[in-house]
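> Residues per chain are reported as follows:
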Amino acid sequence: ETGVTQSPTHLIKTRGQQVTLRCSSQSGHNTVSWYQQALGQGPQFIFQYYREEENGRGNFPPRFSGLQFPNYSSELNVNALELDDSALYLCASSLFQGALNTEAFFGQGTRLTVV
Amino acid sequence: DAKTTQPPSMDCAEGRAANLPCNHSTISGNEYVYWYRQIHSQGPQYIIHGLKNNETNEMASLIITEDRKSSTLILPHATLRDTAVYYCIVRDGWWDGGTSYGKLTFGQGTILTVHP
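Chains as they are written, first to last, in this note's numbering: chain L, 2 to 116; chain Z, 503 to 618.
Errors might be hidden in some of the hints.
Only some residues are given here: those of chain L computed to face chain Z with a beta carbon under 8 Å [as the list claims (entries may be wrong)]:
| id | residue |
| --- | --- |
| 1 | V20 |
| 2 | A39 |
| 3 | G43 |
| 4 | P44 |
| 5 | F46 |
| 6 | Q49 |
| 7 | L89 |
| 8 | E104 |
| 9 | F106 |
Straight-line distance between alpha carbons at most 20 Å, and here's what the computed SDA-like set of lysine to any residue pairs gives [what the hints assert, rightly or not]:
| id | chain 1 | residue 1 | chain 2 | residue 2 |
| --- | --- | --- | --- | --- |
| 10 | Z | K554 | L | E104 |
| 11 | Z | K554 | Z | I541 |
| 12 | Z | K505 | Z | N559 |
| 13 | Z | K505 | L | Q98 |
| 14 | Z | K505 | L | F46 |
| 15 | Z | K505 | L | L82 |
| 16 | Z | K554 | L | Q45 |
| 17 | Z | K505 | L | G57 |
| 18 | Z | K505 | L | Q38 |
| 19 | Z | K505 | L | Q42 |
| 20 | Z | K505 | L | G4 |
| 21 | Z | K554 | L | G43 |
| 22 | Z | K505 | L | G43 |
| 23 | Z | K505 | L | R23 |
| 24 | Z | K505 | L | E104 |
| 25 | Z | K505 | Z | T558 |
What follows is a set of in silico ranges between Cβ atoms, one per label pair, in the way DEER data are often shown [stated by the list, open to error]:
| id | chain 1 | residue 1 | chain 2 | residue 2 | range |
| --- | --- | --- | --- | --- | --- |
| 26 | L | Q19 | Z | P510 | 36 to 44 Å |
| 27 | Z | K571 | L | G29 | 19 to 27 Å |
| 28 | Z | P510 | L | N60 | 19 to 27 Å |
| 29 | Z | T558 | L | G29 | 18 to 26 Å |
| 30 | L | E55 | Z | S530 | 19 to 27 Å |
| 31 | L | N80 | Z | A519 | 44 to 52 Å |
| 32 | Z | T574 | L | T114 | 23 to 31 Å |
| 33 | Z | E568 | L | N78 | 27 to 35 Å |
| 34 | Z | L582 | L | S28 | 41 to 49 Å |
Honestly, the hints are just simulated from the structure, not real lab data.
All values reported here derive from a predicted model rather than from experimental measurement.
Glycine residues also receive a C-beta, built at the ideal position from the N, C-alpha and C atoms.
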């Protein structure tokens with residue numbers, strides 16, 4: 002167990018709908034990253050939040066957005082869902098201490114299916 | 503793009519050491535080598551990381567060559583539960599407040615199958 006929890010575990014949505022996924026960080030961690038993992042592929046970096054601001058983003062369109070809250074928990078929002086958004090969405094938390102990145106710990110993921 | 507190259511698959515007999523190689527010839531001075539593994543549809547599990555020295559923890563050992571262009575993850579006594587996809591990742595260890603923020607760039611990984 003990593004202490005990173007994600008909800009829900011599974012979700013089915015219709016094309017064009019919006020979805021919100023949630024993540025609670027490991028205690029003591031102040032940074033949250035989100036990843037998308039399509040079937041048979043490695044996880045792809047979506048974005049990272051630190052001090053409630055996005056401080057890094059991968060190659061994902063603006064309809065992928067996020068929030069980080071004062072307790073360091075986070076949400077991933079995806080608007081106008083497309084069939085290709087079907088994937089396992091992973092949240093990872095880590096600690097920025099000074100300028101040092103610590104190792105990132107992942108949650109179990111949310112399996113999103115878009116029909 | 504991932505900065506690492508790994509064999510797509512490997513086999514290992516239960517109880518034997520599993521040695522998983524990784525090439526990272528373009529690694530820069532402040533980049534660490536990280537290893538994660540992912541067991542079927544679960545979240546990736548952190549194993550170990552290192553900068554230039556060899557590292558060991560309760561799960562594995564990491565051997566990094568002197569020129570840092572390659573490394574080997576060693577599972578000393580593989581069990582059936584070690585069957586997983588193993589990812590070798592080069593990651594910025596330091597955040598410069600700009601574009602370096604320590605993201606993990608996953609490649610395809612190595613599928614390790616441990617058989618009885």
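> Does each hint fit the structure? Answer for all of them.
Evaluated hints:
1. V20: Check failed: Cβ of V20 (chain L) comes no nearer than 19 Å to chain Z, outside 8 Å.
2. A39: 12 Å, violated
3. G43: 3 Å, holds
4. P44: 5 Å, holds
5. F46: Because about 5 Å separates F46 (chain L) from the closest Cβ in chain Z, which is inside the 8 Å limit, the hint holds.
6. Q49: 6 Å, holds
7. L89: 7 Å, holds
8. E104: With a minimum Cβ separation of about 5 Å from chain Z (threshold 8 Å), the hint on E104 (chain L) holds.
9. F106: 6 Å, holds
10. Z:K554 x L:E104: 16 Å, holds
11. Z:K554 x Z:I541: 28 Å, violated
12. Z:K505 x Z:N559: Not satisfied, since the Cα-Cα distance of roughly 24 Å exceeds 20 Å.
13. Z:K505 x L:Q98: 25 Å, violated
14. Z:K505 x L:F46: Distance ~14 Å between K505 (chain Z) and F46 (chain L) Cα, so the pair holds.
15. Z:K505 x L:L82: 31 Å, violated
16. Z:K554 x L:Q45: 26 Å, violated
17. Z:K505 x L:G57: This hinted pair holds, its Cα atoms lying about 18 Å apart.
18. Z:K505 x L:Q38: OK: K505 (chain Z) and Q38 (chain L) at ~18 Å, within 20 Å.
19. Z:K505 x L:Q42: OK: K505 (chain Z) and Q42 (chain L) at ~16 Å, within 20 Å.
20. Z:K505 x L:G4: 29 Å, violated
21. Z:K554 x L:G43: 25 Å, violated
22. Z:K505 x L:G43: 13 Å, holds
23. Z:K505 x L:R23: 30 Å, violated
24. Z:K505 x L:E104: It holds: about 18 Å lies between the C-alpha atoms, which stays within 20 Å.
25. Z:K505 x Z:T558: 23 Å, violated
26. L:Q19 x Z:P510: 36 to 44 Å: With a Cβ separation near 37 Å, Q19 (chain L) and P510 (chain Z) satisfy 36 to 44 Å, so the hint holds.
27. Z:K571 x L:G29: 19 to 27 Å: The hinted range 19 to 27 Å is violated for K571 (chain Z) and G29 (chain L), with Cβ atoms some 34 Å apart.
28. Z:P510 x L:N60: 19 to 27 Å: 24 Å, holds
29. Z:T558 x L:G29: 18 to 26 Å: Holds, since T558 (chain Z) and G29 (chain L) (Cβ atoms, about 24 Å apart) stay within the stated range.
30. L:E55 x Z:S530: 19 to 27 Å: 25 Å, holds
31. L:N80 x Z:A519: 44 to 52 Å: 49 Å, holds
32. Z:T574 x L:T114: 23 to 31 Å: 38 Å, violated
33. Z:E568 x L:N78: 27 to 35 Å: 46 Å, violated
34. Z:L582 x L:S28: 41 to 49 Å: 32 Å Cβ-Cβ, so the 41 to 49 Å window is violated.
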